[in-house]
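**Student:** The opening residue of the sequence shown carries number 17 in this note's numbering; numbering runs sequentially from there.
Hints in this document: simulated from the structure, not taken from any laboratory.
From the three backbone atoms N, C-alpha and C, an ideal C-beta is built for every residue, glycine too.
A portion of the hints provided could be inaccurate.
[Unchecked claim] Listed below are the simulated PhoX-like cross-link pairs for lysine-lysine, each with C-alpha atoms no more than 20 Å apart in a straight line:
#1 K89 x K51
#2 K991 x K907
#3 K53 x K104
#4 K588 x K490
#5 K51 x K70
#6 K136 x K480
#7 K407 x K394
#8 K89 x K70
#9 K394 x K480
#10 K148 x K136
#11 K252 x K394
#12 K761 x K891
#13 K876 x K862
#14 K274 x K1017
#15 K104 x K51
#16 K53 x K70
#17 K862 x K895
#18 K588 x K625
#19 K148 x K252
#20 K148 x K137
#21 K490 x K407
#22 K480 x K407
#23 K89 x K104
#24 K256 x K89
#25 K605 x K137
#26 K70 x K104
#27 K70 x K107
#28 K605 x K136
#29 K258 x K991
#30 K107 x K51
#31 K107 x K53
#32 K256 x K53
#33 K136 x K104
#34 K89 x K53
#35 K490 x K461
#36 K274 x K862
[Claimed, not checked] Computed spacing ranges between beta-carbons, pair by pair:
#37 D885 x S618: 44 to 50 Å
#38 Y672 x H518: 16 to 22 Å
#39 T844 x Y672: 53 to 59 Å
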Amino acid sequence: MDVRKTHFFLMLLMAFLSFSNAHVVMAADQAIQTKGKVTDSTGEPIIGANVIVKGTTVGVISDLDGGFNINAKRGDVLQISFLGYQSKEVKVTGSFLNVTLEEDTKTLDEVVVVGYGSQKKSDITGAMVNVKSEALHQAPVANIGAALQGLAAGVDVQMAGGNTHPGATPQIRIRGERSINASNEALIVVDGIPFSGNLNEINNDDVESISILKDASATAIYGSRGANGVILITTKRGTKGKTNVSYSGYYGVITAIKQFDIMNSEEYITLKKWATYNANPDNYTGIDDPNLMRVGDVFRDQEEMEGYFAGTDTDWQDLIFRNGMTTNHQVSLNGGNERTTYNASIGYYRGENNYEAHSFERLTAKLSLDSQINSWLKVGFSTLNTYVMSKGDDLNPMEMALRASPFTTPYDSEGHLRTYLPGSGQNVWNPLQDLQENAAVDDDKSLSTFTTGYAEIQFPFGIKYRFNGGVTLKYNSWGKFYGTNTTKQMGGLDYSSGGYGHTVDYTLENIVTWDYTFNEVHNINLTGLFSAQQREYTSNGVDGRDYYDDNILYYNPGLAQSDVTGSGSYEKWALLSWMGRLNYNYADKYLLTATVRYDGSSRLAEGNKWHAFPSVALGWNIMHENFMQDINPNVLSGLKFRLSWGNVGSTAISAYQTMARLDTGSKYLLGNTGVMGVRPSSVPDTSLGWENTETWNVGIDFGFWNNRINGSIEWYQQNTSDLLLPVSLPSTSGYSSSYLTNLGKTRNRGIEFNVTTVNIMGDGQDRFSWETDLNIFGNRNTIMSIGEGIDADINNNWFVGQDRWVIYSLEADGLWQDTPEDRALAETFGYATSGPNSVIGTVKIKNHHVDYEADGVTPKATQVINDDDKVFIGKRAPKFEGGINNRFAWKGFDLSFLWTFRCGGTITSDMHNGWMNTLQGGYNNLNVDYWTPENTDARWPKPTTGTVSNKGLLARYDGSYLKLRNFTLGYTLPKAITTKANIQSARIYVTGNNLYTWFSKEYRKDGGIDPETTSTINLTTPPTRSFIVGLNLSF
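Given these sequences and hints, build the entire structure.
**Tutor:** What follows is the structure in structure tokens.
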């Protein structure tokens, strides 16, 4: 809109308002000027209360002092209302009225944040859950995402790979995964503005509440950005009153739940004997043959042999491990007057892992300011500034420590730190090398500011305009250096890389709302929005090898003497959006929410940039029906039915995915010389469009015994179409092997149940109180299509009719035994049953098909195990999961503990199958139960010096668990004590996190520690638990 159009619009609006006010004056020629003041029960003025002459459109709002001036006749009835207070009707009897509104505690408890505003819970028609401050802060955590674990139905929060190191960000999935190839990350919104940073940049102590939007009715207002659910984070704001200074801090110790069960010296020598014997059984009389105990047989070298006979039994884990720590300190100021409120805080967090290479540090500073300029204008802003430094994320000395021979030591006979370790070959390097000062460095640093601001103008007739603006500025840098003797380089040239990135992200929103009630029962709220978002990211980096001085580290990679390469990237995208929403409420009985959002994305090509996302939701508050009024609320106090349908979309692709792109990594031959150049690397795809998700949701909200028991049940189905999937290109095309196009479909179905119970109602002081929250939910994901006429893509593990993360492979059928039956069966497959290639003691594969002769009837004499024998073994997703949270209070003491659980799902262990090289004999091993002629009931196959085939088929476990996630005991000192020290309140507490986990006996027997994972168990360090002591003070 140009300047002239804007000017004309403003003049038209002013003329309309002037005409409307004139009309009101003329209609009230018999009226008197009635003044009044609206206050709360404490006598404090209520700013912005609605004062309406009943049965008319005449209305005003109270000013900064709670005062109002309205034209009304004697005998008219004024309706005075304000959100969070009980409405009141007052008859006009004179020229001045004093009106006191009482707080509606029930309503206050039910006001929750939704997209672009707030609503009473009783008016909500979509699927959402609100996590309150007391639950979020029940246990101290470094990452606000981790605080959500077990608290919200439909929200799966898991630490990736079981990673629990300080600063780790969990994977959060809301109602499953819709996309196969694009992102499934939820949209994070902080104080109304999309947040592009990492959750570990937000201080948990700065968060007031979190609302999670789950169905299309709730998320459609965010259009393409809300396809995977929306997490609304509301930070703490100021409150009127004298300045309040508060301090919260804690210190804790992080310990490993248990160390990995690695073989000791005697267990390891027995394994090596069996491995050497099994590889060449004709060379020895048995594992007691003295010829085994020679260099070149059991021992790799002389030094390993001497270490064994000298009784060396090095526990490499003890050399690497230490107790980690976690500490957090925050000082906050809060206060304000009738006009302006503020909240400010500064916080510091540091966490150290169980080995010296890793730490996480965060410094935050937050300031928010809200000011009621006059009765119709309110402005405010908030800024969150964060500095984060993470060290050692990519370092893993533990891997080498677990594989190292116990017969050797980290230092040689002269006291020098070894490089490679005797007995382990060149593939196992001394893990202590990584812990030497500046030997291995991995630093990531970021400095970011997230600033939001708003201006809110209240017009007559319930019209309100709000401008929201948000800017994210982020600078991040990274540097890595691995010296020659580190486990990364293992004697090769030292390596260094360094670089930086810069992000600018801004959002501008214009929001107009209209609240209107007519005939006392028709309540309408209209919302209109125009939004613009743009993100720009730039990065540059340099890496190289062979430095003349290791002290250079990563500060100048360009000084490398070989393999110097540079890299850079640039990305810019924008999103424009229009949105309209109608909320209609008839007599608090019948509810309607209708939304449509129209998004345009620069990521897509012309003709596909814009897409509309509609949604409709209905609600029926059955308890407000006349036929329900005779029901005793002590029995049934709440019953509401909800039904919603909607569409949301996603463009989770790179900014230039639809364009032809060039690759600079190719060399051209000019004569006999290779010269760097560019070539086309991808074909343009102008047809690439939105992924689209259609959602149905049915919900029932209930309450019993005056809501002492209250909760909800939800059922949903999400049908996602036009999935972004790769299509292969022939190698002769000259382009990369595939390109993206819209062709797939998935479906997610699920059910959710959550309930809150007040088991014992008390004030927590003289009367004991006990509350419980329970949530349980399950989601079923199914691939419906991956292209016309295609049933499976085995390379990507995609199968129509199966879960996205199904396990499709050969199936183990125990171990081959030295029995007549197994020997005969082995012969049908052509397997040897004696000598170095004997299958006896190895993994037996279940034969799921029969090979026939050409006649199709006669089985072949020799059968073959191949891909035709693969079957569906299981899937990663559990049948159901959830959490149980209990809170107790009495005479200043508070106690809370949270259980989380999963039932079902199959997990795999890369530790057993992959990098531990289990049972290969050349490295130390997890202490598993392996096959020998005397131990034929073993779970694992016989060891050998070569590759142990198919052992990964045994590394699959039931992923069920029950975990005591946290336990907190606190005590708030009596006022009689704290007031003497000029302290408003003081609380001390102790917390234990990740205290104990019950899981399958089979996984525990195989050395498993914690089955919590997003996919496979691939631990670099054991999962941890923490013990914390904390203090909260308020002045």
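**Student:** State for each hint whether it applies.
**Tutor:** Here is how each hint holds up against the structure:
1. K89 x K51: 12 Å, holds
2. K991 x K907: Since the Cα atoms of K991 and K907 sit roughly 12 Å apart, the hinted pair holds (cutoff 20 Å).
3. K53 x K104: The hint holds at about 13 Å.
4. K588 x K490: Answer holds: K588 to K490 is near 15 Å, not above 20 Å.
5. K51 x K70: 16 Å, holds
6. K136 x K480: With Cα atoms ~19 Å apart, K136 and K480 stay inside 20 Å; holds.
7. K407 x K394: 43 Å, violated
8. K89 x K70: Holds, at about 11 Å.
9. K394 x K480: Satisfied, since the Cα-Cα distance of roughly 11 Å is no more than 20 Å.
10. K148 x K136: Status holds; Cα separation ~15 Å.
11. K252 x K394: 18 Å, holds
12. K761 x K891: Satisfied, since the Cα-Cα distance of roughly 19 Å is no more than 20 Å.
13. K876 x K862: 17 Å, holds
14. K274 x K1017: Holds: K274 and K1017 sit about 16 Å apart, inside 20 Å.
15. K104 x K51: 16 Å, holds
16. K53 x K70: Holds, because 18 Å separates the two Cα atoms, which is no more than 20 Å.
17. K862 x K895: 26 Å, violated
18. K588 x K625: Roughly 15 Å between the alpha carbons, so the hint for K588 and K625 holds.
19. K148 x K252: Satisfied, since the Cα-Cα distance of roughly 12 Å is no more than 20 Å.
20. K148 x K137: Holds: K148 and K137 sit about 13 Å apart, inside 20 Å.
21. K490 x K407: 19 Å, holds
22. K480 x K407: At roughly 48 Å apart (the allowed maximum being 20 Å), K407 and K480 break the hint.
23. K89 x K104: Roughly 18 Å separates the two Cα atoms, so the pair holds.
24. K256 x K89: 36 Å, violated
25. K605 x K137: 13 Å, holds
26. K70 x K104: 11 Å, holds
27. K70 x K107: 10 Å, holds
28. K605 x K136: 14 Å, holds
29. K258 x K991: 19 Å, holds
30. K107 x K51: Status holds; Cα separation ~13 Å.
31. K107 x K53: Measuring from Cα to Cα gives roughly 14 Å; hence the hint holds.
32. K256 x K53: 19 Å, holds
33. K136 x K104: Distance of about 18 Å is within 20 Å: holds.
34. K89 x K53: Within the cut-off at roughly 18 Å; holds.
35. K490 x K461: Judged against 20 Å, a Cα distance of about 11 Å means the pair holds.
36. K274 x K862: The given pair, whose Cα atoms are some 35 Å apart, is violated under the 20 Å limit.
37. D885 x S618: 44 to 50 Å: 49 Å, holds
38. Y672 x H518: 16 to 22 Å: 19 Å, holds
39. T844 x Y672: 53 to 59 Å: 56 Å, holds
Of the hints listed earlier, those the structure fails to meet are numbers 7, 17, 22, 24 and 36, in rising order.
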